[in-house]
Every structure is written in structure tokens, then in C-alpha cells.
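Dock chain X against the given chain G, drawing on the hints supplied.
What follows is the residue order along each chain.
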Amino acid sequence: MIRSEILKEIAPILKDQLIVCNIGIPSQELHAIMDQPSNFYMLGTMGLASSIGLGVALAQDKTVISIDGDGSVLTNLGTLPTIGNNCPDNFILMIIDNGSYGSTGDQPTYTGRKTDLAGMARAAGCDTVVEVQDVDTGPALQAAIDSGKGTVMIVKCDSGNAKMPVITMDPVIIKDRFMKAIAS
Amino acid sequence: MNIDKKICDDLVANDVSFVTTVPCKQLAGVIEEIDQREEIFHIPSNKEDEGMGLCAGAFMGGKRPAIIMQNTAIGVTINTLATLTQFYRMPLPMIISYRGELREPVACQVEMAVHTKALLAQMHIPTYHFHWQDDVKEFDNILKYTFMCNKPVAILTDANFWGGYGDQ
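Protein sequence lines correspond, in order, to chains G and X.
The working numbering applies: residue 840 is where the first sequence begins, and numbers increase by one.
The working numbering applies: residue 1213 is where the second sequence begins, and numbers increase by one.
If a hint is listed, it holds; no wrong ones were tucked in.
Sample of chain X residues with no beta-carbon within 12 Å of chain G, all distances over it, derived:
(1) K1217
(2) L1314
(3) W1344
Which residues of chain G face chain X? A partial, calculated answer using Cβ under 10 Å:
(4) V859
(5) M885
(6) K901
(7) N924
(8) M1018
Worth flagging that the hints you see were computed from the coordinates, not collected in a lab.
No residue lacks a Cβ here, since even glycine has one placed at the ideal position from N, Cα and C.
Here chain G stands alone, though its shape is the one from the complex (with noise of 0.2 Å):
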């Protein structure tokens, strides 16, 4: 499976959800698939998704869940020791790993050499750390939400885009109708 099939597949556990999406094509494809107020899409700043997700995490009661990527998380790195310090029970970080950087043209990204995610976030002490194929995402997912634990997901997948629009909203929309589905 690549990315917007799990997205597809996953959209009606993310209903409702708080979803802090990565930058790109994974915005463009959550954006076409499932548009909804309580996504707040990167349009721009490459690899804060997770950072981000945590700080409204921090920040209030309700479950966020960061959608980032491995290229993603390898541009900020630092996120995984702050996460692992800090991971509040309402924080799902869920890395979407095709081993490539999909959004410049699948370039591969060093997880799908020997760089391990998983391990990483682990050492960094993030406390619960799981691992699925792309066909498992759905019940991992609810499964991680159900347990009230703040949770890194690492899904495995293939590299591939699907063909979607760039998003046009503005930014001050996205953020508006973001904090105000968090406000509800």
C-alpha cells in the first residue's frame, strides 16, 4: 500500500480526530480525502509535524495525532528525545515510513537503508513504540487511541503519491477553524 491508501483506509478513525499533518503531498492527500476543521495542514516548514502535534497535545485534553514521515522525522530528529521526555497520554505520533522523501520525487531517505525508526525512537525513550505493516494501520491506529498512552507508530509502506490538488486555503483559515475545533 502507499500513503493515500492508508490514509483512505484509515479516514474514518480520523474523523474527528485532531490531526497535525506533514507538509506536502501527505497535507494534499489527508486535504482530498477528508477535509475537516480539526486538520491543521503543513503548508510549509519541513519536518515540525511532530513538534508541533506535541505542543497541542501539551497543551490541552483531547488526543492529537501527528501524520508525519520518515524524511520528516530524520530533519528533526531532536523531536524523538523531546517526545520521549515529554509524551503526554493524549500524543500519537504516527510516522508514515516509505523510506523516501515522496513529496521531491521519492528520493530514498536512509530508513530504507539501515536506519531504524523504531529503535531510534526507543533509545530516545519514547515509552511505546509500535511497529505495522501499512495493512495493519487501522487497528494499530484505534488500538493506540483506545489505550490513552501516548504512543509512536512507525507504519511500513511503499513509496508513492497520489495525484492531488495543492491545498489553496489560507493559512489563518487552517489555523482558525483548527483552534476552534479544539476550543468545541
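Relative to chain G, chain X alone:
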């Protein structure tokens, strides 16, 4: 006047309850003071752009954030300031240790100091420079201004403000 206490008092009075830090020798006292305050959640960052991501999330989650860092961080956060903090219009007080200014003992720090105000000006970031301890009296107004206008705002605090590095 204890400037560490004054800065923390103003943060608390302005309901700033989420602070991230990347340390500096000059900032050690204020970071220690923040850790004493129950009203403030302190989360250290490994890099300043990561910290700005945390602050963006905390703001959207309903908290007023602030970041404490060195001016060298301006060199690594330009993209985050432009495409996250400014693009989405979020407030962010940045309490910045202004290394490489008067009384600085380390020559390399001057290399970023000479670019700091120019970069902030290029980014259209409102910038204040605390050189004398009395300048801290403006901090309360700067915080109010930051959360009024929803912009990142820089407060540069130099070695003279913090009391220098002792005899040189």
C-alpha cells in the same frame, strides 16, 4: 532589581504558561527561575526550530507560549519564522540572548551578532534591545504588544543587560 524574577513575573502576569528553551550561559538564571514557577510549563528543545513548532502547537491548543534562545538561532529559524509563525499569524515572544555584543569574550559570537538585527529587520520582526537593566521595564508592554498583533517579536538581551561575564 532581579531581572530573572522580573521577566518571569511579567510572563506569568501575561498568562504565558508554555516556555521552551535552548540554553545560553547568560540565560541560565532566567531558565532556573522559570523552573521555580508552577504557572509555567517548561519544555527544553533540542533545536530552536523544533521549539517554535512546540510553541505553535501550544498556542493553537490554547496556551500562550514563549521561546528563550540565543541569537545564533536566528540563523537556523528563518524558514520556520516565515512559513509557520508568520504565515499562520501566531504570536511568539522570543527572549534572545544577544551574544557577540559589548562585553562578549568569544570572538566567533560577533560573527552572528553583526547579522542579527539585519536578519530580524529583513523578516519584519519587531525587535527590542535590552542593554541596561532598566530596559526590562518595557518587557510587560512587549508581551502585551506581541499577543495583540499575533507576530513573532524579538527581545535581544546583551551581556551588559545580564551583568557581563565578570572581569575580562
